[in-house]
Amino acid sequence: MASNYQFQNTGRDLQKDLLGHWYKRLEDAPKTGTPVAYLFISGNICELLRCFGFEIVFPEVNALQCGIKKVAGNMILKAEDLGYSSDVCGYVKNDIGLVASGNRGPFGTMPKPDLLVCNYSGCNTYIKWFEALAELYGARFFMLDVPYRRTGETMRPEDLHYVVKQLEQLAQVCAEISGNKFDMDKLREQLEYARQAEELWVKILHSAKNRPSPFDAFFEAVFFMAPIYVLRGTKECVDYYQAAWNEIEERIQHNIGPLSEERFRVVMEGPPPWPNFRNFWELFKRWGVVSVASTYSKVGGIWDFGMRHDPSRPMESLAEYAVNCYTNWDWSLRRSMLERYAKEYSADALVIHSVKSCRAFSVGQADVREHFSKVQGLPTLFVESDLADPRYFSEAQLRNRIDAFFESLEHRRMASRQPVTAAPTKSGSAT
Amino acid sequence: MNGATDHFWEKAQRWEELVEQCRALALDVQFPTVQAWKQRTGGQAVGCFPVYTPQELITAAGALPVNLFGARGQIDIDHADSRIQSFVCSIARSTLELGLAGHLKWLDGFVVPSICDVARNLSGVWKHNFTEGFLFYMHLPQNVDSDAAKTYYRGELERLCDCLSDKTGRPVAEAPLRKAISVFNRNRSLLNELGARRSAQPEKWPSSHIYAIVATGNVLSREEHNALLERALALGEASLRPKRDAVRVVLRGAFCEQPPLELLEVLEDAGCAVVDDDLQIGSRFFLEPVAETGDPLNALVEAYLHGTVLTPVNNPGKRSRNDDLLDRCKKKGIQGIIFASPKFCEPALYDAVLLRRAAERSSLPTLEFEYEEKMSVFESVRMQAETFVESILFFS
Ligand code: SF4
Ligand code: SF4
Numbered sequence: 001m002a003s004n005y006q007f008q009n010t011g012r013d014l015q016k017d018l019l020g021h022w023y024k025r026l027e028d029a030p031k032t033g034t035p036v037a038y039l040f041i042s043g044n045i046c047e048l049l050r051c052f053g054f055e056i057v058f059p060e061v062n063a064l065q066c067g068i069k070k071v072a073g074n075m076i077l078k079a080e081d082l083g084y085s086s087d088v089c090g091y092v093k094n095d096i097g098l099v100a101s102g103n104r105g106p107f108g109t110m111p112k113p114d115l116l117v118c119n120y121s122g123c124n125t126y127i128k129w130f131e132a133l134a135e136l137y138g139a140r141f142f143m144l145d146v147p148y149r150r151t152g153e154t155m156r157p158e159d160l161h162y163v164v165k166q167l168e169q170l171a172q173v174c175a176e177i178s179g180n181k182f183d184m185d186k187l188r189e190q191l192e193y194a195r196q197a198e199e200l201w202v203k204i205l206h207s208a209k210n211r212p213s214p215f216d217a218f219f220e221a222v223f224f225m226a227p228i229y230v231l232r233g234t235k236e237c238v239d240y241y242q243a244a245w246n247e248i249e250e251r252i253q254h255n256i257g258p259l260s261e262e263r264f265r266v267v268m269e270g271p272p273p274w275p276n277f278r279n280f281w282e283l284f285k286r287w288g289v290v291s292v293a294s295t296y297s298k299v300g301g302i303w304d305f306g307m308r309h310d311p312s313r314p315m316e317s318l319a320e321y322a323v324n325c326y327t328n329w330d331w332s333l334r335r336s337m338l339e340r341y342a343k344e345y346s347a348d349a350l351v352i353h354s355v356k357s358c359r360a361f362s363v364g365q366a367d368v369r370e371h372f373s374k375v376q377g378l379p380t381l382f383v384e385s386d387l388a389d390p391r392y393f394s395e396a397q398l399r400n401r402i403d404a405f406f407e408s409l410e411h412r413r414m415a416s417r418q419p420v421t422a423a424p425t426k427s428g429s430a431t
Numbered sequence: 001m002n003g004a005t006d007h008f009w010e011k012a013q014r015w016e017e018l019v020e021q022c023r024a025l026a027l028d029v030q031f032p033t034v035q036a037w038k039q040r041t042g043g044q045a046v047g048c049f050p051v052y053t054p055q056e057l058i059t060a061a062g063a064l065p066v067n068l069f070g071a072r073g074q075i076d077i078d079h080a081d082s083r084i085q086s087f088v089c090s091i092a093r094s095t096l097e098l099g100l101a102g103h104l105k106w107l108d109g110f111v112v113p114s115i116c117d118v119a120r121n122l123s124g125v126w127k128h129n130f131t132e133g134f135l136f137y138m139h140l141p142q143n144v145d146s147d148a149a150k151t152y153y154r155g156e157l158e159r160l161c162d163c164l165s166d167k168t169g170r171p172v173a174e175a176p177l178r179k180a181i182s183v184f185n186r187n188r189s190l191l192n193e194l195g196a197r198r199s200a201q202p203e204k205w206p207s208s209h210i211y212a213i214v215a216t217g218n219v220l221s222r223e224e225h226n227a228l229l230e231r232a233l234a235l236g237e238a239s240l241r242p243k244r245d246a247v248r249v250v251l252r253g254a255f256c257e258q259p260p261l262e263l264l265e266v267l268e269d270a271g272c273a274v275v276d277d278d279l280q281i282g283s284r285f286f287l288e289p290v291a292e293t294g295d296p297l298n299a300l301v302e303a304y305l306h307g308t309v310l311t312p313v314n315n316p317g318k319r320s321r322n323d324d325l326l327d328r329c330k331k332k333g334i335q336g337i338i339f340a341s342p343k344f345c346e347p348a349l350y351d352a353v354l355l356r357r358a359a360e361r362s363s364l365p366t367l368e369f370e371y372e373e374k375m376s377v378f379e380s381v382r383m384q385a386e387t388f389v390e391s392i393l394f395f396s
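Those protein sequences? They're chains A and B, same order as listed.
Just so we're aligned: 244 in the numbering used here is position 244 of the first sequence, and the numbers increase by one with no gaps anywhere.
Just so we're aligned: 369 in the numbering used here is position 369 of the second sequence, and the numbers increase by one with no gaps anywhere.
Treat the hints as calculated values from the structure; they're not laboratory data.
Do not take every clue at face value.
Short derived list, chain A residues pointing at chain B, Cβ under 10 Å [to be verified]:
1) S85
2) Y120
3) N124
4) L144
5) D145
6) M155
7) R156
8) V163
9) F223
10) E261
11) G288
12) D330
13) D367
14) R369
Bear in mind the structure is a predicted one, so any value in this text is a computation, not a measurement.
Cβ coordinates follow ideal geometry from the N, Cα and C atoms, glycine included.
Turn these sequences into a full structure, and let the hints guide you.
In structure tokens form, the structure reads like this:
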């Protein structure tokens, strides 16, 4: 009954409001004379830039929005008309298409950058992307070179030191462009807000260990995660996660999840196909599939293993965060994360959605399939499409593969429940 | 393969003969010279993925650096498909295939630099699939103008030294490192000399020939390759080839995965004199000789941060790729630019767009196409190249 659910849909609705306001501020930046920096999501150092009063545009989020609003296809074609190959990342092409459209997208008109901060963390394509924007806008380009995280449990001090030194240089550039002085207290205050939001976000992520899981850690998490990546370090972001947590807590109390019945728990690897997001989700919903953990929700940063921003170590913790986003981890770390998720979240299967655009994410996923299906003995489904380009989404093909996979999983489950002597029965219905 | 007299380049009497033998060696996926070197010296062979790795360190450790440029179209992809998806460049898949199909049993270690997302992930797949031998992932700094990059990169070099000495049981000492730097400097100067002669007399020094000569450096020690290059310079000078009309072009995009040799021949047949290119660019990565005095690691750091050619995978810092290309064109009297990118190679494909815009602003004609390591049909490229040449000859 409605009265029982005080917080229903809070996570989704509030997120929409927050992003709406943020986009409005971005659109107004030229009028208010606010300096504008462009930044990538993965391991982003937005707190440092906000210290200098920058409004921050995340071109990846614009590309994602174009995907969801189904204009990505057109944007991508515009970039291809300018000479971009059909084989390069759809996010980049989407953004180039936006530039060619006067920077006008479904979210409004984006301001031009005063500074492009290429926080190269986990994706070399980032460099190529901002090199292009630097040329097209004639904007200043700062390379924040973030080494790949290669080792096991500990981070390499050399890597962190290198990033910290560059952050100090970046602070000087920011002061020069914005005309504002660096304010350490302001940075610390933001990092404290970041820490609080991260605590709440991790509680939400961990809640998927419940049975049924109160939320879908992939299909819902992609909405829940937006504020922590784009508005982290603000009070409104903390408030958002408090509200979202209230909703999740309420779901736990009522023992409900995203679907009426949770039949399969899966770990999801790979990004969603934004232009066909709903259809893709439907293909899983039909089988009662709930994602209990996902790697895409860690694409901007990995907090669920303990990392937090730390106001007492401002630059160091910014550097640690920059190093620790999912695609900046090498495959041995990524594999062990998947193994851990499968175990800790009691998953029945691993689903790999391999997207052509994003080689940072996808190259080597076939090897992961081999590892999980053959070595770990975890049923693994491997499907392919794209995160931005609707031309690569073949619904019929996906449906066939998904249906075949869960059907066989269901058979296996039934077989294991039946006594060995039982006579063969008709197969269960698919819905 | 004991004495120096066994070296084929010493026996070759004519340029064509040398080129033929170099070509056969460059395409041989059994890596005969590497296996022979190992047998002869008892040393270790360390694979290097393009574009650039500091091979002076490997040489100084007493090991043989071997450039792994994929299978050059010589084998089918049977096993690698189950590890790396099909929408990925050929070099990553075919290098992995070489390993999975057992062609790299001689390999004692593999150094993979941070050139792109594919190489980065290939390093992880490699580590997972090959437990024998080391895998060293090397972060080549991108923020080249930052002082912090100096310290950082020096640390990366030291780390590689440690890894090599663990493996070889021999520390990378200063004296052998200095010697290696000097041998590599000599190698680059001979390669540059070949390039200069080609630019002066392209009909006498066809790119498809030079390519094979340069490619043997991937599987020979640098000293041997220096000897081969000296022989090549002498034989090439003595060769007689008729002068022919051709347009002077630069080839861009082939800095990592290599095109089939036939592609170069097709371009030449169509009337292109390729007088500048980025083929196998790692062997000519530094514009100036690396300092042979002072601290050798610092010399390599300095050369990497401030004196490299510009490729799509190293951020130019304060320099500009557009200006660099246009300057080269001016200096070498280039009439047209060919952008040849490996299929699915994002760094090459992104750069081609920007460089092409810059070329067009300077009214330089351009031609763009993609290639694959294993492509075997060249008709479309041939037609495009012929039209390109005609348009330059008749309309420019
Ligand atoms: S390659 Fe992947 S991580 Fe990089 S910009 Fe494209 S979608 Fe983003
Ligand atoms: S060919 Fe291009 S994409 Fe492939 S490994 Fe080389 S640089 Fe990377």
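Status of each hint after checking the structure:
1. S85: holds, 4 Å
2. Y120: For Y120 (chain A), the interface hint holds, since the closest Cβ of chain B sits about 6 Å away, which is under 10 Å.
3. N124: holds, 5 Å
4. L144: holds, 7 Å
5. D145: Holds - the Cβ of D145 (chain A) comes within 10 Å of chain B, reaching about 4 Å at its closest.
6. M155: violated, 13 Å
7. R156: Result: holds, 9 Å to nearest chain B Cβ.
8. V163: Hint on V163 (chain A): holds, closest Cβ of chain B at ~9 Å, below 10 Å.
9. F223: violated, 26 Å
10. E261: violated, 34 Å
11. G288: violated, 29 Å
12. D330: holds, 5 Å
13. D367: holds, 4 Å
14. R369: With a closest approach of 8 Å, the R369 (chain A) hint holds.
Figure legend: structure checked against the earlier numbered hints; hints not met, in rising order: 6, 9, 10 and 11.
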